[in-house]
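Asker: As you go down the protein sequences, you meet chains A and B in turn.
Numbering-wise, this note's numbering comes out as the position in the first sequence, counting from 1, plus 241.
Numbering-wise, this note's numbering comes out as the position in the second sequence, counting from 1, plus 3.
Hints were generated in silico from the structure; no laboratory data involved.
Please read these numbers as outputs of a predicted model, since none were measured by experiment.
We put the CB at the ideal spot given by N, CA and C, even for glycine.
Take these hints with a grain of salt, some might be off.
[Unchecked claim] Which chain A residues stay away from chain B? Per the calculated CB distances, all over 10 Å, these:
1) 275
2) 286
3) 288
4) 289
5) 290
6) 296
7) 317
8) 321
9) 326
[Unchecked claim] Partial list, computed: chain B residues near chain A (C-beta under 7 Å):
10) 53
11) 54
12) 55
13) 100
14) 314
Below, each chain spelled out in residue letters.
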Amino acid sequence: MVSAPNLKVATANRLGDGAVVYRDRTGSWSTRFADAVAVEEDLAAELLAAAGRDMDRAIVVGVALIEVARVDGRLQPASLRERIRAFGPSIALAMQPPGGEESR
Amino acid sequence: MYRYDEFDHAFLAERVGQFRSQVARRLRGEIAEDEFKPLRLMNGLYLQLHAYMLRVAIPYGTLSSAQLRRLGEVARRYDRGYGHFTTRQNIQFNWIRLQDAPDIMAALAEVGMHGIQTSGNCIRNVTADQYAGVAADEIEDARIWCEIIRQWSTLHPEFSFLPRKFKIALTGAPADRAAVKVHDIGLAMRRAAGGAIGFEVIVGGGLGRTPMVGKTIRDFLPKEDLLSYLEAIMRVYNRYGRRDNLYKSRIKILVHEIGAEAFAAEVEAEWREIRDGALRLPRATIAAIAAHFAPPDYEPAGGDAAVLAADRLANADFDLWVRANVVAHRAPGHAIANVSLKKPGAIPGDASATQMEGIADLAERYSRGEIRVAHEQNLVLPHVRMRDLHALWRGLIALDLADANLNLVSDIIACPGLDYCSLANARSIPVAQRIARRFADLKQAHDIGELKLNISGCINACGHHHVGHIGLLGVDKNGEEFYQITLGGSGAEDAAIGAIVGPAVASEKVVDAIENIIGTYLAERRAGERFLDTYRRLGAKPFKERLYATH
Ligand code: SF4
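One chain only, chain A, in its complex shape (with noise of 0.2 Å):
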């Protein structure tokens, strides 16, 4: 794993239905990681501050900045709990949703 230094993107959960999020370049929330924004550390407070904003709104809940590393090219969360968070657990689910995550 290659750290890509001082990048960082938004997360979050959805108020509604806890799904986790990441801030994507737009200002909306995304539930895939591929569409975070990352910025480097000095947009950090500015994207953290416009992310906060959406917990006034009944939008999210938990936001935070996350640390993101390369890997084989592509952006991951650096750590193991943010992966997990973002791609799922790390085991086969007893059964999966019938339409998949978005048709919930």
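Got chain A; can you put chain B with the ligand on it based on the hints?
Answerer: Below, chain B with the ligand alone, put in the same frame as chain A:
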């Protein structure tokens, strides 16, 4: 079984209504998360890594078929088709949407279930011997006393804001299947010399950051004094418990710091004041509660034992399952059947909606509509006629739930760990899966014999690792998952906290390490010795030497 009365149902309906309006206001942005969080937690709704998690209390691990069926429906309709049974005999749903939570609570309330007091600094679900009321070795049915405690502790105004959460466990048998010595309060029914039945009162046990075996502060408490004595303990804890320091706030620290004798003296002094007051249990009250748990009209044995023997002779797999999973029942011709939720490679304690509904059906057919949850994360059908065991086993095979591995190496307790839990340091489930797969050969597992292997994903110890014969604790070392190994723990009547055997091992080496430790046992054991017995006889040295020999 105890059934809610009108008052209980009305209260639950009101609570659901309140929560529905709180959720609506939260979703409209009228209440902030800081204000809402305590409200949802009071109803068992947590926010975990991936979604909201709903913890539903299963009082003393007893379920009716209707309740289990409803849990299955909730899993199918509102979750991803499964639920997770926990070491506190509760169930957790991992993928709950806040907007669905009021409907789920309403659906649960219809069958007398809820998540109240499954969070927060209050008295939590009282846990019990999963064989209560049917165990051959039992003095008295623990559920009667758990229900009395449940009614007393539910919404108790004085104890809704304790220094920390509070867990009580109760066993009615000399064999401790409820881990009473590692609870804040453990109660063990005892028969006095004159024949009177009462409780040994054990206080200050617990796992977590500072594991401790509880101390007996009273050898014998008459039954009618149970609630006044518990109230006295709670008052002493409420008065002196360390609210200043989260890590010292459990009762075990208080008992440890002032000493069990001084603690007992405080309790006795408080108790003298209230002993003859309103909490003294009248016989009629005890009898009324006991009536809910009256044993069913068991049919006479009628050759059941012979039928079972013939069935076992005819089928070796069935025989193996009976040997591992079926336990003696107090009524002739009957048996207690354990349903393992530990298929090697599956997620310990998880059951799919189909399995829950299937077990509910089987319980209706063969176990008087009753199911128990064991703290080892398995299910139990408590009232099975011996002649029905074979048909039940066939039914379990159809549900993929007939694994004959109770109390064996693959019957692993594992907490949700880093795959779900926001407090975790490392994963528990995949480690359990890998170990169980390595020991999937039942012949080998039966040869190894009784072995309790418990895994926690962090120091909070929900996976009871301290009291595993072998315990694994996940730790994070510079972003890598490592596992600290403890040996010699026990959560039974011979309770002990396991000792750390040496440096933590990397995740990819854990399964080999377990195999190595079991290898030492197999090489050293004497006839009839369980793993724990060999460890106790020899100490850690041979295990340690062999485990770290190659390092
Ligand atoms: S032991 Fe830790 S990781 Fe496991 S469920 Fe408890 S808090 Fe979570």
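Asker: For every hint, state whether the structure bears it out.
Answerer: Checked hints:
no.	hint	result
1	275	holds (17 Å)
2	286	holds (21 Å)
3	288	holds (20 Å)
4	289	holds (16 Å)
5	290	holds (17 Å)
6	296	violated (7 Å)
7	317	holds (13 Å)
8	321	violated (7 Å)
9	326	violated (5 Å)
10	53	holds (6 Å)
11	54	holds (4 Å)
12	55	holds (4 Å)
13	100	holds (4 Å)
14	314	violated (30 Å)
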